[in-house]
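Using the hints provided, position chains B and C relative to the given structure of chain A.
Protein chains in written order, with numbering that gives the first Met the number 0: chain A, 0 to 599; chain B, 0 to 147; chain C, 0 to 251.
Hints listed in this document are in silico derivations from the structure and should not be mistaken for laboratory results.
Source: prediction; values computed, not measured.
Heads up, none of these hints are tricks.
In silico DSBU-like cross-links for lysine-lysine, where the CA-CA straight-line distance does not exceed 30 Å: (1) C:216 - B:20; (2) B:48 - C:174; (3) C:110 - B:20; (4) B:20 - C:229; (5) A:536 - A:547; (6) C:102 - B:20.
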Amino acid sequence: MSTTVILQESDVQVGYDTHQEHSHHESFITKYVFSQDHKMIGKQFLITGMIWAIIGGFFSVIFRLQLGYPESTFPWLEDLLGHWAKGGKLQPEFYYALVTMHGTILVFFVLTAGLSGTFANFLIPLQIGARDMASPLLNMLSYWFFFSASIVMMSSLFVQTGPASGGWTIYPPLSALGDASSGSKIGMDLWLASMAMFIVSQLLAGLNYISTILNLRTKGMSMTRMPLTIWALFFTAVLGVLSFPVLLSGAILLLFDRNLGTSFFLSDIVVNGKILPNEGGSAILFQHLFWFLGHPEVYIIILPAMGISSEVLSVNSRKPIFGYMAMVGSLFAIAILAFLVWAHHMFVTGLNPFLGAFFVLLTLLIAVPSAIKVFNWLTTLWRGNIRFTPAMLYAIGFVSMFISGGLTGIFLGNSSLDIHLHDTYFIIAHFHIVMGVAGFFGMYAGVYHWFPKMYGRFLNNTMGYIHFWVTLIGAYLIFWPMHYEGLAGMPRRYYDFSGWESFKMFAGLNQFISFISILVFAAQLLFVFNFVYSIFKGRKVTTQNPWKANTLEWTTPIRPGHGNWEGEIPEVYRGAYDYGKDGRDFIPQTEQIGENESHH
Amino acid sequence: MSAEFLTQEITFHPEHDETTKPIWRTFWILSLLTGIELTIGLIIYNIHKGDHPNTSLVLAFKGMVCILTLAKAYYIVAVFMHLGSELRNMIMTIVVPLGLFVWFIIAFLWDGNSWKNLRNEYNGMPPSQQLEKPAQKAPAAIEKGAKD
Amino acid sequence: MSTIAVQQGTKWWSGGRSPFNANYGKVMMWYFLMSDAFTFGAFLISYGTIRFSVNHWVDPNHVFNSFPFAGHTNLPLAFVSLMTFILIASSVTMVLAVHEGHKMNRAGVEKYMLMTIIGGIAFLSCQAWEWTHMLTGQHPVLVDGVVEYWNTTVAHNPFGPEVAYTGTDPLFIGKEIATPGPIAFGSYFFEITGFHGFHVFSGVIINIVMYLKTKMKHFELRGHYEMIEKAGLYWHFVDLVWVFVFLCFYLI
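Next comes chain A alone, as it looks inside the complex (with noise of 0.2 Å):
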């Protein structure tokens, strides 16, 4: 009985606490690259996603170069893209490939793996008070099946026909049939390996958070004393582990169609005249699949850029996050409907009206929880003691960004105005506003506020500031005048606006639009060179809680090593948000509750 106690113990160790020991002999390897450390994997992802966001946004720039100055030709073009861009003028057919691998790595690479990766592999187990994730092993593989899938994604770029150009949404038949376009060949196989493999980091990677949240936080640290970032990763890691399985059923579905002659989503197809032998599926039946999986993965997008806002926004206000439970509750409503709505981006296809109203009805719903977020940041702010940090302004744009995208949102919801709004650049308004610039607002907030805590120093605010103000109003700039041009009926998807009677009053539009987004990827850049200088230049650190946060990350030595806590893990005594309570600026997490203290 005796070994099998020793057994045990050892078991006990290897499985749960201790893994600093081992922190003090790390190669390079270890350490750097097959780390096994959350944080170390965080930055992985931040940096993966970055690299990504770099290419994901010059793509672009490249195809505004087009929108903007049709009649133009660049010859610098022809020597970066080769005989896609012959003459110095972008192909359609690559013009089309561009559109869906921005769309593609932006919202899948960018704001999915590269926002809720980052920050829930490094704020998790900072925030409940935890070593490491529960599975560090599972953890290390999610990164790399998120980097194999980079890298397939990344060499579809280069293939004969290029890469996928059926849309982000892969809509068959142009994904199904092979000989569709260009790009539905061997690029799109590749579109669909690559998503198989990120589907399966996306897996790994939530159940980790899931279990890790569920069992691993720290004495006191009850569900509701936790963190707004922790409830909004928690419900993303749900919504990814409920909603990428039935995109992987779809795509195993295309796969079939489109390698072994089933018609799961082919029927009544006629290609150059020729008939095809494909009957009795529906292309309808993949945009529900998709969409199940689509629509919460915008959510899986906005979620952590709503937690990193409350709690960027209530740091730097000094005052609580206003209505701590109603903030949770609208989460978890958000996350409900998230599940419900999926159709209302189906209104035109060919969906039965009636089923239509019942997803009217679910979407308009989905206003009144994002109302409570955003009024309760709002008093948040109210009367705070504001500290004007890059991450503050990034939080207060966000809240901005989400209230101006979040209302075009109701229009679209209504699928009567929808009918006339939709596929034009109403909605590529709407959706860049509310979750693309809007996730990368909370993204920015995020980083800017977490840098001293991944790197031990600060990013220069100088920089920080003007990255802020050209991202905001450049962003503003560039969407703002794409609802009137979408009112006015303008399709998006299209290569060329020049041939348009209608649309050649916007020309001019479109050349400024085009150009300002130059300017806003430009300032891009500058946030990339503050990040790189900065990893090495930037101010050192000294103080252990620099924005005098309650959180338990601040608790952690200024370089916190693998384990995270040099002696014990700290017990939790409150919530999180006790700011300027009782005369006190804050209150840390781990001070017990005063006999005198006042409840708030």
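Leaving out everything else, chains B and C in the frame of chain A:
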């Protein structure tokens, strides 16, 4: 008492049934339910063999099979997977998200039914607007088509 | 201290412990299975949607009516009953293995794991037979007024609605003959049973690994058989999916 394995996550060592009685009882229940299902399946088969199958009767039997299947699923999850003896917290986090299937199923099937109605309606269109349907190709022809 | 007293007196959500009194591995396995349920759910719901969208569907009793070594005897539902029974039986042996694991009885775990593995392999063999039968079995079908003999593949099948034969082939004069069936029938059948079979296959692999680890006394030295429990969860899930596949393809 068997050897303990305690991590910080585990608060108390759960007590397990000493006998295998519940397992075998569940086995017999599952076999019985499957037997009833098969009987109903054969009844449906025989109704179909008749000249004018009563569709509502078939539908009722199919509904019964669905309910029996759910009962089987309940026994597998509750007894074989031991979910029934887990804490209530855990049961709820597993069972509640499955509720999403309700709307998932309703919306999909409803729309599928609507496609059928649309197809049936537009099959009555004037021939000038209809494309001629391709003849179903023989296997050999399909194989040849795939190689093209 | 009784279990119930512990349960009631504990603040399960207050941190420092699992709110489920379960190790993270088991929690992860459960949520993985839930996510997998959505994969299968999506497949089966797609299948249902397509079935709702067509006027005619294949009668499973006409397709699945044969039994190995029984020649052309019409035995609807017989073979699939055998498959279902094999899977349920292997589920029982799996849960018995978990039970022996709780009692730290290594020999018992080994015995029942071995039986479970054999059950899994038997199921896969049955499926292989059924697939072969469908891919090679030829049925007469009327295509453009000509009688052809078709097998069942992902792209076509001979189980469409029956019509009165008006041609000249003496074999069929005065008889009813089937027309080509809905393509989606074969597509979904092979796709979903294939995906389920892949799960059974990986389950068998997992079970073999667990069996070997048991044999090498890994779990005995570790002091618990939780890995067997997790493998068991996966195995039961495979059984659970089969219950629904059985319902969707064979019964209704």
